[in-house]
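Student: One letter stands for each residue in the lines below.
Protein chains: 2
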Amino acid sequence: MSKGVTPQSKNFSAWYNDVVKKADLAEHGPVKGTMVIKPYGFALWDNIKEALDGMIKESGHTNAYFPIFIPKSFFAQEAKHVKGFAKECAIVTHTRLKTVDGDLIVDPESKLEEEVIVRPTSETLVWAMYKKWIQSYRDLPLLINQWANVVRWEMRTRLFLRTTEFLWQEGHTAHATAQEAEDETVLILEIYRRLAEEILAIPVLTGRKTEIEKFAGAEHTYAIEAMMRDKKALQSGTSHNLGQNFAKAFNVTFQNKDNQEEMVYATSWGVSTRIIGAVIMAHGDDKGLRLPPKVAPFQVVVIPIYRNAKQKKIIEKYLNPILTILKNSSVRTNVDWREESPGFKFNDWEMKGVPIRMEIGPRDIENNQVVLVRRDTGNKTIVQTDDIVEKVLQMLNDIHDNLFAEALDFMKSNIIKTDSYDEFKKIIKDGGFIRCGWDGTSETELKIKEETGATARIIPFDENAKNLKCIYTGKPAKHEIIFAKAY
Amino acid sequence: MSKGVTPQSKNFSAWYNDVVKKADLAEHGPVKGTMVIKPYGFALWDNIKEALDGMIKESGHTNAYFPIFIPKSFFAQEAKHVKGFAKECAIVTHTRLKTVDGDLIVDPESKLEEEVIVRPTSETLVWAMYKKWIQSYRDLPLLINQWANVVRWEMRTRLFLRTTEFLWQEGHTAHATAQEAEDETVLILEIYRRLAEEILAIPVLTGRKTEIEKFAGAEHTYAIEAMMRDKKALQSGTSHNLGQNFAKAFNVTFQNKDNQEEMVYATSWGVSTRIIGAVIMAHGDDKGLRLPPKVAPFQVVVIPIYRNAKQKKIIEKYLNPILTILKNSSVRTNVDWREESPGFKFNDWEMKGVPIRMEIGPRDIENNQVVLVRRDTGNKTIVQTDDIVEKVLQMLNDIHDNLFAEALDFMKSNIIKTDSYDEFKKIIKDGGFIRCGWDGTSETELKIKEETGATARIIPFDENAKNLKCIYTGKPAKHEIIFAKAY
Numbered sequence: 005m006s007k008g009v010t011p012q013s014k015n016f017s018a019w020y021n022d023v024v025k026k027a028d029l030a031e032h033g034p035v036k037g038t039m040v041i042k043p044y045g046f047a048l049w050d051n052i053k054e055a056l057d058g059m060i061k062e063s064g065h066t067n068a069y070f071p072i073f074i075p076k077s078f079f080a081q082e083a084k085h086v087k088g089f090a091k092e093c094a095i096v097t098h099t100r101l102k103t104v105d106g107d108l109i110v111d112p113e114s115k116l117e118e119e120v121i122v123r124p125t126s127e128t129l130v131w132a133m134y135k136k137w138i139q140s141y142r143d144l145p146l147l148i149n150q151w152a153n154v155v156r157w158e159m160r161t162r163l164f165l166r167t168t169e170f171l172w173q174e175g176h177t178a179h180a181t182a183q184e185a186e187d188e189t190v191l192i193l194e195i196y197r198r199l200a201e202e203i204l205a206i207p208v209l210t211g212r213k214t215e216i217e218k219f220a221g222a223e224h225t226y227a228i229e230a231m232m233r234d235k236k237a238l239q240s241g242t243s244h245n246l247g248q249n250f251a252k253a254f255n256v257t258f259q260n261k262d263n264q265e266e267m268v269y270a271t272s273w274g275v276s277t278r279i280i281g282a283v284i285m286a287h288g289d290d291k292g293l294r295l296p297p298k299v300a301p302f303q304v305v306v307i308p309i310y311r312n313a314k315q316k317k318i319i320e321k322y323l324n325p326i327l328t329i330l331k332n333s334s335v336r337t338n339v340d341w342r343e344e345s346p347g348f349k350f351n352d353w354e355m356k357g358v359p360i361r362m363e364i365g366p367r368d369i370e371n372n373q374v375v376l377v378r379r380d381t382g383n384k385t386i387v388q389t390d391d392i393v394e395k396v397l398q399m400l401n402d403i404h405d406n407l408f409a410e411a412l413d414f415m416k417s418n419i420i421k422t423d424s425y426d427e428f429k430k431i432i433k434d435g436g437f438i439r440c441g442w443d444g445t446s447e448t449e450l451k452i453k454e455e456t457g458a459t460a461r462i463i464p465f466d467e468n469a470k471n472l473k474c475i476y477t478g479k480p481a482k483h484e485i486i487f488a489k490a491y
Numbered sequence: 005m006s007k008g009v010t011p012q013s014k015n016f017s018a019w020y021n022d023v024v025k026k027a028d029l030a031e032h033g034p035v036k037g038t039m040v041i042k043p044y045g046f047a048l049w050d051n052i053k054e055a056l057d058g059m060i061k062e063s064g065h066t067n068a069y070f071p072i073f074i075p076k077s078f079f080a081q082e083a084k085h086v087k088g089f090a091k092e093c094a095i096v097t098h099t100r101l102k103t104v105d106g107d108l109i110v111d112p113e114s115k116l117e118e119e120v121i122v123r124p125t126s127e128t129l130v131w132a133m134y135k136k137w138i139q140s141y142r143d144l145p146l147l148i149n150q151w152a153n154v155v156r157w158e159m160r161t162r163l164f165l166r167t168t169e170f171l172w173q174e175g176h177t178a179h180a181t182a183q184e185a186e187d188e189t190v191l192i193l194e195i196y197r198r199l200a201e202e203i204l205a206i207p208v209l210t211g212r213k214t215e216i217e218k219f220a221g222a223e224h225t226y227a228i229e230a231m232m233r234d235k236k237a238l239q240s241g242t243s244h245n246l247g248q249n250f251a252k253a254f255n256v257t258f259q260n261k262d263n264q265e266e267m268v269y270a271t272s273w274g275v276s277t278r279i280i281g282a283v284i285m286a287h288g289d290d291k292g293l294r295l296p297p298k299v300a301p302f303q304v305v306v307i308p309i310y311r312n313a314k315q316k317k318i319i320e321k322y323l324n325p326i327l328t329i330l331k332n333s334s335v336r337t338n339v340d341w342r343e344e345s346p347g348f349k350f351n352d353w354e355m356k357g358v359p360i361r362m363e364i365g366p367r368d369i370e371n372n373q374v375v376l377v378r379r380d381t382g383n384k385t386i387v388q389t390d391d392i393v394e395k396v397l398q399m400l401n402d403i404h405d406n407l408f409a410e411a412l413d414f415m416k417s418n419i420i421k422t423d424s425y426d427e428f429k430k431i432i433k434d435g436g437f438i439r440c441g442w443d444g445t446s447e448t449e450l451k452i453k454e455e456t457g458a459t460a461r462i463i464p465f466d467e468n469a470k471n472l473k474c475i476y477t478g479k480p481a482k483h484e485i486i487f488a489k490a491y
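Residue numbers (the working numbering), protein chains in the order written: chain P, 5 to 491; chain Z, 5 to 491.
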């Protein structure tokens, strides 16, 4: 069960698959590309969700729920949008099964007059509703979020990173002015940055997507990009300024304070179960997961060490008050009483990435102490029983900070500035992010992608194109940009 | 916006539709039978969900997520189950759209080899996975719950009560013995009873469903049944003992402690957004909703009463510390600063069922007091500012107790025991539950349904069939049973 995984250095992709499986996070469902999120993986998602939901609500948004089914005709309203999603839709065409000669078949008489799309994202449905809800400036801004499942019929799938169905939150807001929509887009990106850095201990780059990489139907898209330990990029959250594109498509206007009709401005933004892939690949090592303490399903796992029933009883009794004070301090704690060897349990919980292991045996009880072992560093500390809560809370903070610092060092030392296309190609091959000049054309971007496999990740907010030349054409750079291979 | 609703006495069904709309809970989506749950309705659902999720976790269950798509062949595995759901499935047959002559059409080349069913419930998918997860008695019991959307393509739909897509939790457990599965089924029903009575203030009857009314694929089904204010029944939660039916269908066995292969026992159980219909119809009156305090999105709404900007400022300043202490006491409070008359606001928040209205005007400030008005009784109380938190918390408890007591009185006085079929017919016509003898045959049950429109709700756990005769056939009763018209 908790045997080793393929080393990262040997085959990162195999390492990832091994960890997802052996840490009991998820597995494939029977329909191609679908995913079963197992209890341990789901507890992780639930904690991420709770943290993000809190930030979304704090900033004035409310949750709602829109239907999973979108009429095909709605879907067709925004031309670029439908183009972006038409090739990967689940389409419902019938509504009854019947048994013929012992076979269960689709009843041809149950064919729908208009086919129905399982939402790949909800802009079209939301804006069809917003048309009813928005009449006056008093109805704006409208700040709604939903937690939902969406479906994109992908050909090549990987657990968490790309699945036919995934879970996410999608925010959809409506505003009276272009500036307000832009402010919202930026506000949300900052929430996503805080989620990544302050909750998940994953440093991210923030910036704007190119025309090619932006959301289908957006004016522009902002994103957070993280570096995985194989030096590839993972886009971990996106915030789109939709301008008036969807308002136009669904004819959503409002009466302003001067009694004039105006078109509404929109944003949308999302973070999905994909971010679990980032948690795995930004922090994990050859022993398995290393979970950021703020979202780890268990922050402390207790391994009682005993030889016989009498010792077990003594430990149980000794542990009870410790567990109570940990619970009262909101430390998520699990005691592993399974009938397995301590060594087996050590490996198993290392694989599952629990931040702190607490070992407790007869000798520890004699000395009124426990042993704490950090998952991130492997360091052992002997702690007096009275100090447990204080030490555990401190250690959880330290682990967060250390995971973040490690990942930040790693990212910083693997973002290379260059103006040589030869060096660019070499680095992309070996792994790393390139920060360089770009002439701002889609043509150049596509050629680089074709020749190197690297995609434009973002134009960073702190770009400085002055004196830079385009890495590919040598023309004066319009932007400084990050290129990398990406998930 | 908050104009009156159709009186309950005039047309209960119209009253229901009016309240759902005017309280801003939900509306129909564009695809027939789908529902948009608006922010106020969703906040109510979120609170119900949080309460139930806590009880489910406390009793040892963990959450997970199973895919929305089920292969048609899986769905066919359990004969009764498929029969129960075959006529109301959403079936995905294609995965691409394309534009031909300007029209967006389903690409015939994207036809799936095997059609995929959008889950109407997840037993078949869950048990296909459990087959992989269960090998030994050490893997049991397996106690998993999921919060998800499901789809049943209903012909006649009503918001919350019957929608094509709805939200719910579905628990799926696996056990080593029949007794453990039965204990689980009973345990969950008790959780559902507590949700209804202790959280939602809705008294319920508990008991067993007849063969006709049980879940498709279950050995037997337990349910909680509530009485709405039109004296019709609403099934508000069900807990199914599935015996070995699904284990057999998916060949799920385990090795017991004596190294013998045995078939696994199963349960499943669910509560859905339908229960919001029960909250509306068990408590609502001609002014709108009356929400149970424990799940009300806002427990207190503050209506500031002022004539000019100066008075408004004074109230704002006075209110600030009050809002802080209410927040610190976890009282969900909303201040209505809209530019509308107090009368408009009173009506609007009565429609939305907020348990307590707090009025505060210049004279109240002079007297260092506020006015509290209970939504359930309309009673006004003047409260000194220092006592606000204490009084509000007490009042919220009182409102819960009063709503429960009112609904219990109403239910008790409308459950009629009779042994006369003529009286039975009269009561069913006028409204009410009948408690009577039944010979235990499906034939009798169906005839009663045909002749009166009443269905067998439950065989109550406290039944006493001794000396009873069947209400229809006059034969010795096998069971005491509850009949009623139902949603």
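No lab work stands behind these hints, which were simulated from the structure alone. Do not rely on the hints blindly, as some may be mistaken.
If several chains are the same, the list does not tell them apart, and a pair holds so long as it fits within one copy or across any two.
[What the hints assert, rightly or not] With a Cα cut of at most 20 Å, we get these calculated SDA-like pairs of lysine to any residue:
(1) Lys115 <-> His98
(2) Lys61 <-> Val335
(3) Lys261 <-> Asp402
(4) Lys53 <-> Trp151
(5) Lys84 <-> Gly106
Student: The structure should be examined with respect to each hint, and the outcome stated for every one.
Tutor: Now for the hints, and whether the structure bears them out:
1. Lys115 <-> His98: Both, since 4 Å and 13 Å are each at most 20 Å.
2. Lys61 <-> Val335: Between. Shortest inter-copy distance 17 Å satisfies the 20 Å Cα cut-off; intra-copy 24 Å does not.
3. Lys261 <-> Asp402: neither (52 Å within a copy, 44 Å between copies)
4. Lys53 <-> Trp151: both (9 Å within a copy, 13 Å between copies)
5. Lys84 <-> Gly106: between (45 Å within a copy, 14 Å between copies)
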